[in-house]
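Read off the chains here:
Protein chains: 2
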Amino acid sequence: MNHLIPLDNLVAALGRLPGIGRRTAERMAMTLVQDRKGLMRLLSHALLEADDAVACCERCGGVTLAEENPCELCIKPRLDAQILCVVETPGDIMKIEQSGGFQGRYHALMGKLSPMQGTGAADLRVDKLLGRIADEGIREVLIALGTDVESDATASYLKEILTPRQVKVSRIAFGLPAGSAIEYSDASTLSRAISGRQEMG
Amino acid sequence: MNHLIPLDNLVAALGRLPGIGRRTAERMAMTLVQDRKGLMRLLSHALLEADDAVACCERCGGVTLAEENPCELCIKPRLDAQILCVVETPGDIMKIEQSGGFQGRYHALMGKLSPMQGTGAADLRVDKLLGRIADEGIREVLIALGTDVESDATASYLKEILTPRQVKVSRIAFGLPAGSAIEYSDASTLSRAISGRQEMG
Numbered sequence: 007m008n009h010l011i012p013l014d015n016l017v018a019a020l021g022r023l024p025g026i027g028r029r030t031a032e033r034m035a036m037t038l039v040q041d042r043k044g045l046m047r048l049l050s051h052a053l054l055e056a057d058d059a060v061a062c063c064e065r066c067g068g069v070t071l072a073e074e075n076p077c078e079l080c081i082k083p084r085l086d087a088q089i090l091c092v093v094e095t096p097g098d099i100m101k102i103e104q105s106g107g108f109q110g111r112y113h114a115l116m117g118k119l120s121p122m123q124g125t126g127a128a129d130l131r132v133d134k135l136l137g138r139i140a141d142e143g144i145r146e147v148l149i150a151l152g153t154d155v156e157s158d159a160t161a162s163y164l165k166e167i168l169t170p171r172q173v174k175v176s177r178i179a180f181g182l183p184a185g186s187a188i189e190y191s192d193a194s195t196l197s198r199a200i201s202g203r204q205e206m207g
Numbered sequence: 007m008n009h010l011i012p013l014d015n016l017v018a019a020l021g022r023l024p025g026i027g028r029r030t031a032e033r034m035a036m037t038l039v040q041d042r043k044g045l046m047r048l049l050s051h052a053l054l055e056a057d058d059a060v061a062c063c064e065r066c067g068g069v070t071l072a073e074e075n076p077c078e079l080c081i082k083p084r085l086d087a088q089i090l091c092v093v094e095t096p097g098d099i100m101k102i103e104q105s106g107g108f109q110g111r112y113h114a115l116m117g118k119l120s121p122m123q124g125t126g127a128a129d130l131r132v133d134k135l136l137g138r139i140a141d142e143g144i145r146e147v148l149i150a151l152g153t154d155v156e157s158d159a160t161a162s163y164l165k166e167i168l169t170p171r172q173v174k175v176s177r178i179a180f181g182l183p184a185g186s187a188i189e190y191s192d193a194s195t196l197s198r199a200i201s202g203r204q205e206m207g
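In order, the protein sequences belong to chains Y and P.
My numbering applies: residue 7 is where the first sequence begins, and numbers increase by one.
My numbering applies: residue 7 is where the second sequence begins, and numbers increase by one.
Bound conformation, chain Y alone:
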């Protein structure tokens, strides 16, 4: 089907979505072509609209409306506005905000240190982070990164550059997830939970 170039282009574009391989992209494209409820136009419109209306906050990096920049989370009064929570992606900000467990400000690095993928400190929003600590009178930086090697390296790096700046550096706790039991936990989770044990009040 060499002559169906618009279809090939659509498959290629869909294939650039995260987790979508060529086969899935082909299946999606075929569904879209066969659809009679205007799904192609709906999706195209939603993409254009989002592209116009949604942006990343220039301060925290989180997702916001283009006309609200800096975003609501950066502007509105927050109980713990002197605590800055450092995350990897804008999506992480949403997750933590939805959890309701944090009342401070956010800062998305837009990545983590990864020699394998060629991501160095200059590719992350570290300068902005340092600027904000001074400008906003931040007293504590809470590092909310995952447990993989790259997250650990990024956390160590941040700890190192933040230490001279008279700011407390903390990292979210690792341990048993809510609703879990010792019986179902892996060794790595258990040892992290033990080394991170907290004295009972």
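Since the hints were made in silico from the structure, they are not lab data.
It cannot be assumed that every hint is accurate.
Chain copies aren't distinguished; within one or between two, either way the pair holds.
[What the hints assert, rightly or not] Simulated pairs of lysine-lysine, DSS-like, Cα-Cα distance not exceeding 27 Å:
no.: 1; residue 1: 174; residue 2: 43
no.: 2; residue 1: 43; residue 2: 82
no.: 3; residue 1: 82; residue 2: 101
no.: 4; residue 1: 101; residue 2: 43
no.: 5; residue 1: 174; residue 2: 101
Chain Y is already provided as a structure; the job is to place chain P on it using the hints.
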């Protein structure tokens, strides 16, 4: 994040793609928002272009360019133009055509009989199929449907309505897939392969 309606709309539209649940749609939307290489506009454009340029052939139901209708496969001389291969979807036509194993014409039903999903004979392109058998002097109808219950029911139904029309009705063979071995075949495949055994020449 109730105020990010364009993002919610995008998640909803992506969630209508086949095999994409809410979580995956959210992840895709976040990737698109963070992307700085114009992926949203590229995808939007590819969708609009495909929507304008690609259509289903009014004769066989296969995918074609809007300006080539009926499609190339329906128009061009074919070695076995008197054999009509009946499939479920336009994608099936592509798959069989890519296999190079068939030189006749195609006809996509756009579904199969499914009481569960409320798909009856009137929802399939059966009238068109009967018309084509007469118009194009078809001598054999080759049913290329799968092995599930609905495909079997659809095949039986077609056999029944085609029998009075003096046309040979065949169905693709079921058996061991290429490269497979008895050892790795399931019972159902083996019994189909045995009942469908062919005399060696």
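Going down the list of hints, with the structure as the test:
In this assembly of identical chains, residue 174 and residue 43 lie within 27 Å of each other by CA distance neither inside one copy nor across copies; the values are 55 Å within and 37 Å between. With identical chains, the CA atoms of residue 43 and residue 82 are never at most 27 Å apart, being 41 Å at best within one copy and 31 Å at best between copies. Taking the shortest alpha-carbon separations for residue 82 and residue 101, only the intra-copy value of 18 Å comes in at or below 27 Å, while the best inter-copy value is 56 Å. For a Cα distance limit of 27 Å, the shortest separation of residue 101 from residue 43 across copies, 25 Å, qualifies, whereas the shortest one inside one copy, 33 Å, does not.
In the homo-oligomer, the alpha carbons of residue 174 and residue 101 lie at most 27 Å apart inside one protomer (23 Å), although the nearest pairing across protomers, at 61 Å, exceeds that limit.
In terms of the numbered hints stated before, the structure departs from hints 1 and 2, listed from lowest to highest.
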